[in-house]
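**Q** Sequence:
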Amino acid sequence: MTTRRPRAEDFLELVERGRRGRLKLYIGFAAGVGKTFRMLEEAHALKLRGVDVVLGFVETHGRPETEALVAGLELVPRQRSTYRDVTVEEMDLDAVLARRPHVAIVDELAHTNLPVCRNRKRYQDVQELLAAGINVIGAFNVQHLESLNDLVERNTGVTVRETLPDSFLKNADQVVNLDLAVEDLHERLKAGKIYAPDKVPHALERFFTGDNLSTLRELALREVAESLDRATTGKQARAGEDPSQKGAGGAWGRVLVALSSQPPRAATLLRRGSRMAGRLNTDWFVVYVETPGEAPHLIDAEAQRHLLTNIEKAKELGAEVVRLRAKDPVAALLDFGRSHGVGHIIIGRSTQARWRQRLGLTADARLLREGDGFDIHVVSFEVPHEEKRP
Numbered sequence: 001m002t003t004r005r006p007r008a009e010d011f012l013e014l015v016e017r018g019r020r021g022r023l024k025l026y027i028g029f030a031a032g033v034g035k036t037f038r039m040l041e042e043a044h045a046l047k048l049r050g051v052d053v054v055l056g057f058v059e060t061h062g063r064p065e066t067e068a069l070v071a072g073l074e075l076v077p078r079q080r081s082t083y084r085d086v087t088v089e090e091m092d093l094d095a096v097l098a099r100r101p102h103v104a105i106v107d108e109l110a111h112t113n114l115p116v117c118r119n120r121k122r123y124q125d126v127q128e129l130l131a132a133g134i135n136v137i138g139a140f141n142v143q144h145l146e147s148l149n150d151l152v153e154r155n156t157g158v159t160v161r162e163t164l165p166d167s168f169l170k171n172a173d174q175v176v177n178l179d180l181a182v183e184d185l186h187e188r189l190k191a192g193k194i195y196a197p198d199k200v201p202h203a204l205e206r207f208f209t210g211d212n213l214s215t216l217r218e219l220a221l222r223e224v225a226e227s228l229d230r231a232t233t234g235k236q237a238r239a240g241e242d243p244s245q246k247g248a249g250g251a252w253g254r255v256l257v258a259l260s261s262q263p264p265r266a267a268t269l270l271r272r273g274s275r276m277a278g279r280l281n282t283d284w285f286v287v288y289v290e291t292p293g294e295a296p297h298l299i300d301a302e303a304q305r306h307l308l309t310n311i312e313k314a315k316e317l318g319a320e321v322v323r324l325r326a327k328d329p330v331a332a333l334l335d336f337g338r339s340h341g342v343g344h345i346i347i348g349r350s351t352q353a354r355w356r357q358r359l360g361l362t363a364d365a366r367l368l369r370e371g372d373g374f375d376i377h378v379v380s381f382e383v384p385h386e387e388k389r390p
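Residues in the sequence shown are numbered consecutively from 1, following the UniProt record's numbering.
It is possible that part of the hints are untrue.
[Said to hold, decoys possible] Taking CB as the label site, the calculated pair distances span:
(1) K47 <-> D173: 12 to 22 Å
(2) H61 <-> L298: 27 to 37 Å
(3) L73 <-> I299: 49 to 59 Å
(4) G62 <-> D375: 41 to 51 Å
(5) L368 <-> P197: 33 to 43 Å
(6) L298 <-> R78: 47 to 57 Å
Keep in mind the hints are simulated off the structure, nothing from the lab. All values reported here derive from a predicted model rather than from experimental measurement. Built from N, CA and C at the ideal position, the CB exists for glycine as well.
Based on the sequences and whatever the hints tell you, model everything.
**A** Below you can see the structure in the form of structure tokens.
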């Protein structure tokens with residue numbers, strides 16, 4: 001068993017964790033499986049036990065069974081905001097913070113707030129509540145996980161716009177999967193318990209097909225199983241073991257995503273890295289090697305903008321972003337990997353000229369040839385499906 005020496009930062013993390021609120025998440029594979037219903041049931045149970053619980057934001061979607069459970073619970077009034085002549089109701093974050101309940105119920109965590117709000121996403125509002133010591137029970141559907149975005153699109157043909165980072169799920173204290181047989185969900189849909197009757201045929205033909213729901217159900221079950229594995233491994237780490245250091249490569253070891261200044265579909269690489277690091281329950285890096293020809297004053301403004309956007313996305317997904325300067329990017333990546341316990345390197349398939357690919361001069365070919373001791377993952381980018389909304 002490998003032991004590691006406690007650091008002062010570890011103790012500080014324990015202290016800060018003790019001050020933060022706890023996060024419980026309900027995950028479903030589609031609308032109508034009962035996430036909001038179960039949260040409201042739990043809120044009533046907590047209230048009966050004398051717990052100070054409020055509804056920070058709950059969306060009933062007009063479902064009578066769900067609306068009936070709102071009665072008897074304290075609801076923090078929503079904030080009404082007008083943007084481009086449209087009035088929208090958002091969670092009033094400051095009102096919940098001022099109310100300071102023991103537990104707040106917050107629905108639809110992947111929701112994008114109006115630009116006039118302090119935070120861009122609702123899950124970021126929840127992070128503020130947790131930082132203030134308020135416990136939160138929240139819910140979202142598995143297809144909204146950022147790292148699953150490409151997988152969901154490839155398997156269902158649906159592009160999901162509203163996402164939240166896997167690191168948010170990883171930091172949850174408790175995760176509950178609300179499972180329901182696909183046939184039962186179809187019955188609920190046809191009975192008008194999910195959408196209005198006039199929307200049911202369209203839903204059955206698009207997002208609610210049997211194949212789509214089966215795929216999403218499998219993803220939800222797998223995600224919760226992996227979250228339990230991460231929790232177990234986290235306990236082992238706190239007991240003195242360091243799972244990320246069991247070997248220099250192969251199945252163990254940290255994950256490195258190689259980022260160029262203008263990578264095609266960089267988001268796909270970042271999601272792949274986030275997904276792999278989550279499965280291995282290890283740290284991951286996004287490394288950008290700046291060559292002499294890619295100095296900030298030499299690349300155009302658009303490339304610089306894309307690079308900064310990708311770096312922010314990497315941080316949002318939980319990666320440690322590292323910027324290196326070197327004439328040879330491949331050598332720099334390998335040196336960094338060997339000195340930082342990396343076991344897996346993810347890189348996009350080269351789009352350089354064919355003759356460079358045939359001669360093995362591209363970065364992906366060189367990593368495969370020179371990367372002894374690493375698992376090299378070369379990602380090819382498929383042509384995206386025709387965009388559809390759920």
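**Q** Hint by hint, say whether it matches the structure.
**A** Cross-check of the supplied hints:
Checked against the hint of 12 to 22 Å, the C-beta distance between K47 and D173 comes to roughly 20 Å, which is consistent with it. Take H61 and L298: their Cβ atoms lie about 52 Å apart, and the range 27 to 37 Å is violated. Between L73 and I299 the beta carbon distance is about 54 Å. The supplied range of 49 to 59 Å therefore holds. For the hinted restraint 41 to 51 Å between G62 and D375, the CB-CB distance of approximately 49 Å keeps it satisfied.
Against the hinted window of 33 to 43 Å, the Cβ-Cβ separation of L368 and P197 comes to about 56 Å, which falls outside the hint. Hint check: L298 to R78, Cβ distance near 49 Å, so the stated range 47 to 57 Å holds.
When each numbered hint is compared with the structure, violations occur for hints 2, 5.
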